[in-house]
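Once you have looked at the hints, place chain B on chain A.
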Amino acid sequence: MSEPGILSALFLSLAPANLLACLIGAVMGTLVGVLPGLGPAAAMALVLPATFRLGPTAGLIMLAGIYYGSMYGGSTTSILVNVPGEPASVVTAIDGYQMARKGRAGAALAISAIGSFIAGTITVIALQIFAPLLANVALAFGPAEYFSLTLLGLIVLSNLTGKSRVKSLLMVAVGLMISTIGMDPLGGVGRFTFNYTPAQGGLSFIAVTAGLFGVAEVLSMLAERETPREILPVRWRELYPSREEFQRSLPPIFRGTVVGFLVGLIPGPAATIASFTSYGLERRLSRHRDEFGQGAIEAVAGPESANNAATSGGMVPLLSLGLPFTPATAVLLSGMLIHGITPGPLLLRDHPNIFWAVIGSFYLGNIMLLILNLPLVGLFANVARIPPRYLMPAVLVLCIIGAYSDNNSLFDVWVMLAAGIIGYLLRHYDYEPAPLVLGLVLGPVIERSLLQALTMSQGNIAGLWASPISATLLVAAAVAALWPLFLQGGRDLKPFRSN
Amino acid sequence: MKILRWNKKGILGGLLILVLILTLAGCGGTGNPGQKAGEGTKKPEEPAKVDFPTKPIEMTVLFGAGSGADLLARKVADIASKDLGQPVTVVNRTGAGGAVGYNYVKGQEANGYSIVWNSNSINTAYHAGNMNFDYTAFRGVVELTTEPVSIAVKADAPWKDINEFIDYAKKNPGKVRIGNSGKGSFTHLAAVALENKTGAKFTHVPFGQGLAVASLLGNKIEATVQLPAEIVAQVKAKEVRILAITGENRLASLPDVPTFKEKGVDLTLSLWRGIAVPKGTPEVVIKRLEQAFKKVADSPDFKAFAKEMGASVEFRGAKDFDQFIAQQDKELSVLMEQIGMKKQ
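Taken in sequence, the protein lines are chains A and B.
Residues are numbered in my numbering as their position in the first sequence, beginning at 1, plus a constant of 472.
Residues are numbered in my numbering as their position in the second sequence, beginning at 1, plus a constant of 59.
Pulled out of the complex, with its shape left as it was, chain A reads as follows:
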C-alpha cells in the first residue's frame, strides 16, 4: 500500500469519465436511499447492463457509488416523515423524526450527512490498511459463531429505548415469530402460508417497516384531535446544526464508525445490526440519556455513521476474499466478474489500477455525497414544514410504492396496511416498533445459523460452543440476559407501569 499507489488511484478516479460515473452513481444511490423499497442491490443490478459499455473502471466506480450513496439517502425519509428508506435507517427514525417535529430536521439531516462522510472516509482508510488482516477474522465466524453473536445481539439490543423491558422483549418475540412466515430459511418447508404462493416469500421487511412506522404515523395524525402545531419558519443559519449539537455528535460519530466497520465484516444484515448497536451504545453512554426517544442528536449521529461504516466493512470480505456477504456486494462481485476481474487476494496483483481507482472513488464519492447532500438539507428540511394534511397523503403513497417495489407484489402492500394498523395500536399502547423490526431482521439469521451449526455437528448441541469465540459469545449472552435481574432485583420486570 505504497504512497504512489494511493496517489495514482486518486489520479485515475479523477479522469473525467470516472468522475462522471462516480457522480451519477452517487446521485442514483442517494435517490435509491431516499425512496423506500428499491434497495441498493436492486438498483445496482438495474444499472449492471450499462456497465458493459462503460468499461471496468468506470462501471465499478458507478456501482460502488450507488452502494455507499444509498446509505447517505436512507436517513432522509426516516427523519422527515418517519418512513425508513432502508432497513439500516430504522433506528434513525426514532429520534430523527422527533427532531424534525421540533423543527430540527435540518440539523438531523446535516449531522447524518456529516457523520456518513466521516465514517465513510475513515473506514476506507481502514479498509486499505487492515483488509487482509480482517478478512481472516471474518473467516473465523462460522454458523455456530453467527448463532451466538446474533443471540447476544438480540438480548443486548432488544431494550433499545430503555422503556419497559417486558414490552421490548414481547415485541422482539413477535418479530421473531412473524419472521418464520414463509419458506424456512434453508428452503424446503413453507410455514404459515396457507398455500398462498405470494406468502411463501415471507413478510417483506420493507413492507412491515413502512407500515409500522409510516402508515402508523399517518393514522396517528388522523386521530389527533387538534391539528399539530405548525412548525415556525426557521432562518437559514438555524437549519444547520448548532455548535452544541455538533459537539455532542462527534463522539457518537467516531464510535459508530468503529462499531459499523467491525459489524460490517459479518454476513447478513450488517448495516441494520450496526445501526441498532450504535443506538444502544449511545443511549448507554450518553449524558443526555433522558432525551433519547425525544430527539437526541446522538441517536442520529451514531447509527447513521455506523451504517455507512458497515458498507465499507462489507467491502473487506469482498475485496480480500472475493466473497460477497450481502446482496449489494454480490452485485458488485458480479460487476467485477463481468469485466473479467476476479476480486480476492489476487485483485491487487492482477488489476492494481482498478483496485486503486475503486478505492480512490470511495474517497471521492464520499466528498461528492457530502457536497451533494448538504445543500439538499435546506430543501429537504422544508418538507417537515408542509402541513400534515398535504404531507400525510404523500407519505402514504410513498409507503405503498415502497412496499410494492420491494418484490413487485401486491401481497406486500396488504402486509404494509395491516402492519400500519397494528403499528398504530402498538404506539397507542406505548409499545416500541423498533424491537419488532430487530426480531424480524435477526430471526432468519438466528434460525439459519442454528440449523447449520447443528447439522455440522451432526445434531450434537455441544457443537454450538465448541469454538472459543462461540463459547465466549454465549457466556456474554447469558450474562446480558440475567444482568438486569441481579442488578435491579426484578424491579424492571413489572409489566404495566403507569404511562
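Don't read these hints as lab results, they were simulated from the structure.
Hints are all accurate, no fakes.
Below, simulated EDC-like cross-link-like pairs (lysine to aspartate or glutamate); rule was C-alpha separation at most 16 Å, straight line: (1) B:141 with B:349; (2) B:256 with B:321; (3) B:234 with B:223; (4) A:639 with A:902; (5) B:297 with A:822; (6) B:295 with A:822.
Then chain B, alone, in the frame of chain A:
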C-alpha cells in the same frame, strides 16, 4: 377509550384509506384490459405477419438481483431487446424456489409480453410442493445456457482428486460435511446424486449466498457443492480446488478441471436456463421470440459473458426445449424422491 375519539377529518381520512384499500383489491383481481384489447386486433391464424412486439416485454426472474440467474437474464434481455425492437425489462419475483415468479407469469395474459427466465426450478419447485402446477403450464421458447455443478475442497485438502475424495467419504460415512446452496436446491440434488452413484455418504449443510465458500475457507466444512460462478474467484486465487464438475464436457473457463465422467463416475447433471411463456401463447408469438433469442445464443458477446459466468451456451428451439423439460422432469422427480423432498 381515546383511540375511538376520531374527529370528522379522521373519519374522512379513514374512508379515504378504505377506498384506497378497495382500489388495491381491484388491482389484484382484474387482469390488464389494455392487453386484451391489443390481442383482439391480431389474428393468430395469420402467421405471415406478426405485429409483435409493440410494447415492452417483461421478463420475470425467479431469483434475486445479483444472483447467477439474474445476471445471465439481464444480459439476455439486453441483447434480445435489440432484435425485438422493444425493451425487455427484467423484474425479480423471488421466493419459494421460483414458485412465486412462476405463479405470477402463469397468471398473466398469454400474449408473449410476459415471459419467464426459467430453469430446472420449474421441476424442483413443483415436486417440492411449492406450487400446484408443473411445467405443462408453460411453453418453452428456447434453452440458452447450462451450468454444471462443481465439487470443491480447500487447496490444502488431503484429497488429490475426486476418486480419493469419494473413497474417503465411503470409508468415513458422514464425516465429509458438504455445503450446498439450500435444502432441495439443485446443488443439494447433485450431491445426493453423487452419493447414489458412488455409495459415498456426506453430511449435507445448506447455506445461502456466498457463505458455503466462506465456511470452506474457514475450515468449518470439508467441501462445497456449488455452481462454478460462485467459487471461480477462490479457484483462481488458488485457495480452493475444484475436484470435478458434473457437466458433459469441461468448462471453457476452467479447462483444467475434469468432469465426473472422465474420472469414471457416471454422473452428468446440468442446470439449464431458458425462456418460457404461459401456455396458450400464440404460435406466431413464440416463433418471433424464438427467433430473437436464437440471436442471443449466437452472439459472441453473450458467449463471452456466459463463459465469464461459468456457464456454457446450449441452444434448444421451442419444440426440443419442451421435450427436454419433460425428460428432465422425470429425472429430477426420481432424485427428489430419493432425498425425501418429493411431495407431488
